[in-house]
Amino acid sequence: SQTIHQWPATLVQPVGSPLSLECTVEGTSNPNLYWYRQAAGRGLQLLFYSVGIGQISSEVPQNLSASRPQDRQFILSSKKLLLSDSGFYLCAWSSEGGPETQYFGPGTRLLVL
Amino acid sequence: AQSVTQPDIHITVSEGASLELRCNYSYGATPYLFWYVQSPGQGLQLLLKYFSGDTLVQGIKGFEAEFKRSQSSFNLRKPSVHWSDAAEYFCAVGAGYQKVTFGIGTKLQVIP
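From first to last, the protein sequence lines are chains A and B. When you line the first sequence up against the working numbering, it's residues 1 to 113, in that order. When you line the second sequence up against the working numbering, it's residues 1 to 112, in that order.
Because the hints were derived from the structure by calculation, they are not lab data. Glycine included, every Cβ here is placed at the ideal spot set by N, Cα and C. Worth double-checking, as some hints may not be accurate.
Sample of chain B residues at the chain A side, in silico, Cβ under 10 Å [as the list claims (entries may be wrong)]:
id, residue
1, 36
2, 44
3, 46
4, 49
5, 53
6, 63
7, 71
8, 72
Beyond 10 Å from chain A on every Cβ pair, some chain B residues (computed) [as the list claims (entries may be wrong)]:
id, residue
9, 27
10, 42
11, 54
12, 81
13, 104
14, 110
15, 112
List of simulated lysine to any residue pairs, SDA-like, C-alpha gap at most 20 Å [stated by the list, open to error]:
id, chain 1, residue 1, chain 2, residue 2
16, B, 99, A, 82
17, B, 107, A, 37
18, B, 68, B, 25
19, B, 107, A, 51
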């Protein structure tokens, strides 16, 4: 069966510090991978998605970036965090092709102080 | 572009009572529709999905949802709510490769 992991689970970072959140998927090949941010009362905001190694699509211009160095690894990064980057970050995967069903990881709670 | 509306931000029901969470979508063709549940501090878990066929969809944990094209709705129902159902529920619509749009969620409180 497929599983998706995210780490760290919780992170407290000062403003201006760098960020690296990692997501890995097991039990599937060539998944589509997604990064979402969830802010209270605002639902899920799609940040990035990837259909393959090195292929990243950005949905929202901001100071975050994503990379996919391996088939089942998806990394969310920032060079300098802003207060507004605080939130709950969710990684998700779906099978190659459609129909679209996304499966979510446990999330990372980021607090920028 | 597709959109999803969950008109109820908070809902409170008594344990054992029936539940209906509303979801309306906007999309020009037949969408893919989903309901997810999120417990505090956790990721989203898929409850059920509709792609085609029977418009009444059964999911996990005793939930069901009905697709009504004429009303552009995909409401989630459960005949008898348990305290463990307290969580936040998200409706989502997929309308093409890769893209899924989520509603802002409905928080369910269950009182004894």
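Structure-based check of all given hints:
Because the closest C-beta pair between residue 36/B and chain A is about 8 Å apart, less than 10 Å, the hint holds. Hint on residue 44/B holds. Least Cβ distance to chain A is approximately 4 Å, under the 10 Å limit. Interface restraint check: residue 46/B against chain A, minimum CB-CB distance 7 Å, threshold 10 Å, status holds. The interface hint given for residue 49/B holds, since its Cβ lies 6 Å from the closest Cβ of chain A, which is under the 10 Å cut-off.
Hint on residue 53/B is violated. Least Cβ distance to chain A is approximately 12 Å, over the 10 Å limit. Taking 10 Å as the C-beta cut-off, the interface hint given for residue 63/B is violated, the closest approach to chain A being about 16 Å. Restraint check, residue 71/B versus chain A: the minimum CB separation of about 22 Å is more than 10 Å; hint violated. Of the supplied interface hints, the one on residue 72/B is violated, with its beta-carbon coming no nearer than about 18 Å to a beta-carbon of chain A, more than 10 Å.
At roughly 13 Å from the closest C-beta of chain A, the C-beta of residue 27/B stays outside 10 Å, upholding its exclusion from the interface. The beta carbon of residue 42/B is not kept farther than 10 Å from every beta carbon of chain A, the shortest such distance being approximately 6 Å. Chain A leaves residue 54/B outside its interface by the beta-carbon criterion, the shortest separation being 15 Å against a cut-off of 10 Å. Distance check for residue 81/B against chain A: the nearest CB is about 23 Å away, which clears 10 Å, and the non-interface claim stands.
Against the 10 Å criterion, residue 104/B falls within the reach of chain A, whose nearest CB is about 4 Å from its own CB. Even its closest Cβ contact with chain A, about 20 Å, leaves residue 110/B beyond 10 Å, as expected for a residue assigned away from the interface. Every Cβ of chain A is farther than 10 Å from the Cβ of residue 112/B; the closest lies at roughly 26 Å, confirming the non-interface assignment. Distance check on the hinted pair: residue 99/B and residue 82/A sit about 27 Å apart at the alpha-carbon level, beyond 20 Å; violated.
A threshold of 20 Å between alpha carbons decides the hint, and for residue 107/B with residue 37/A the separation of about 18 Å falls inside it, so the pair holds. With a C-alpha separation of about 10 Å, the suggested pairing of residue 68/B with residue 25/B holds against the 20 Å cut-off. For the proposed pair residue 107/B and residue 51/A, the alpha carbon gap of about 32 Å is over 20 Å, so the pair is violated.
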